[in-house]
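As given, the protein sequences belong to chains A and B, one line each in that order.
Oh and the first sequence: position 33 is 33 in the UniProt record's numbering, straight run, nothing missing.
Oh and the second sequence: position 129 is 129 in the UniProt record's numbering, straight run, nothing missing.
Just so you know, these hints were derived from the structure itself, not from any lab.
Keep in mind that a hint or two might mislead.
In silico SDA-like pairs for lysine to any residue, Cα to Cα no more than 20 Å straight-line [to be verified]: (1) 122(A) with 68(A); (2) 93(A) with 8(B); (3) 110(A) with 83(B); (4) 110(A) with 33(B); (5) 19(A) with 60(B); (6) 19(A) with 65(B); (7) 132(A) with 15(B); (8) 110(B) with 92(B); (9) 132(A) with 10(B).
Predicted model only: the values in this text are computed from it and were never measured.
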Amino acid sequence: MKVLILEVDSNELIRGIIKEGNAKEMPSVKDAWQFNFNKHSLPKDKTAFILVKEDTPKIIEGCMIFSMHDTFGPFMDYLEVAPHNKGSEGKYKRVSGCLIAYACGLSFEKGQDEDKGILTFKAFSNNEEDQKKLEKLYRDKYGTVMNPWGYMEIHQNQSRLLIEEYLGDEDDLA
Amino acid sequence: MKKDKKIEFDDVIGGNISKELTKKEHDSIREYRRRLYEKRSSEEKINDILTGFRFSLKNYADNENPEDIILLGQFLNSLLKQIKIKKGAFAEYIDISPRNINKYFNGERKFSIEHALMLEKLFKINAEILLEVQLKNELIEAKRSHRGEYDKFNLSDLLAI
Chain A
1 MKVLILEVDS NELIRGIIKE GNAKEMPSVK DAWQFNFNKH SLPKDKTAFI
51 LVKEDTPKII EGCMIFSMHD TFGPFMDYLE VAPHNKGSEG KYKRVSGCLI
101 AYACGLSFEK GQDEDKGILT FKAFSNNEED QKKLEKLYRD KYGTVMNPWG
151 YMEIHQNQSR LLIEEYLGDE DDLA
Chain B
1 MKKDKKIEFD DVIGGNISKE LTKKEHDSIR EYRRRLYEKR SSEEKINDIL
51 TGFRFSLKNY ADNENPEDII LLGQFLNSLL KQIKIKKGAF AEYIDISPRN
101 INKYFNGERK FSIEHALMLE KLFKINAEIL LEVQLKNELI EAKRSHRGEY
151 DKFNLSDLLA I
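Just chain A, with the same shape it has in the complex (with noise of 0.2 Å):
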């Protein structure tokens, strides 16, 4: 899926891919990563994906994984932008919007019936004020609610957005 990214130093948006990466290719602790991409990927139910420059294929921008869960159907079981573009000294910016939007987009094509359209995942942080805070921004910047069981869920207008504002989809004709 072709993306748009924004690169900092320039401010303008640059053309990237999402698309499916192997585990061979998947970032880990040992690049400075904070999840194990390369391992978290390897169960067969979870799908991870990557976002790349067009024009640096081979470096990583960002991953997501993503799985179909028993209780919750489409689901966002990790999500992380690469080392240098984390904080405000990143280098692009709207990588983890797209890989969302992108996980939006996965949980209308593949969630069936009362899951379709809702992505769920998990708000973690060390201590529980943190964790509020968390909460709270997920609510403002992507419009997430919490479920009584402590998920966060994206549902189906909230994703129509973020498809529209991330992928560029929802088209004109919509």
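Dock chain B against chain A, hints included.
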């Protein structure tokens, strides 16, 4: 001045789910989802299916090197099943003989520009993407079945004539 390197809230999401859900939790979550679903109108449910259809077509069209070929007819067939429209009724609606609709679905016959324009209106997807998927598949098949056959063509030879 050195900028703050602290990571931002959406730089890292998720992690290991610390505990398995119990059967009781599973059942109550499913019940919660069913209640949400019941509140959605028929129109909203169809719109959700169409969003999935559009996403999967665009995703496929953007994929430069798909592992497996997915025919436009397969995408349409899957959509019709989800929105519970019979193939025959669909065929008649877009001026295809119901006897021939399977030939369109299995790629034996190609959807025309006119068909694509009808589908654009019906399913709110750009006719261009529909035709792009069909053409892309034709190209992949041609390249695979005529591997090397076109290597003999080069501009120098043409200029030398």
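Q) CA of residue 19(A) to CA of residue 65(B), is that 20 Å or under? A) Since the Cα atoms of residue 19(A) and residue 65(B) sit roughly 10 Å apart, the hinted pair holds (cutoff 20 Å).
Q: Quickly compare the C-alpha distance for residue 110(B) and residue 92(B) to 20 Å and report which way the hint goes.
A: The hint holds at about 16 Å.
Q. Are the Cα atoms of residue 122(A) and residue 68(A) separated by 20 Å or less?
A. holds, 14 Å
Q: Verify the proposed pairing of residue 19(A) with residue 60(B), using a straight-line Cα cut of 20 Å.
A: holds, 10 Å
Q) Given the proposed pairing of residue 93(A) with residue 8(B), does the C-alpha separation stay at or below 20 Å? A) holds, 11 Å
Q) Going straight from one Cα to the other, do residue 132(A) and residue 10(B) come out at no more than 20 Å? A) Distance of about 14 Å is within 20 Å: holds.
**Q.** Straight-line alpha-carbon gap residue 110(A) to residue 33(B), limit 20 Å
**A.** Given pair residue 110(A), residue 33(B) holds - Cα atoms ~16 Å apart, limit 20 Å.
**Q.** Satisfaction of hint between residue 15(B) and residue 132(A), Cα-Cα up to 20 Å
**A.** holds, 17 Å
Q) Is it true that the CA of residue 110(A) sits at most 20 Å from the CA of residue 83(B)? A) Roughly 15 Å between the alpha carbons, so the hint for residue 110(A) and residue 83(B) holds.
The structure is consistent with each of the numbered hints, conforming to all of them.
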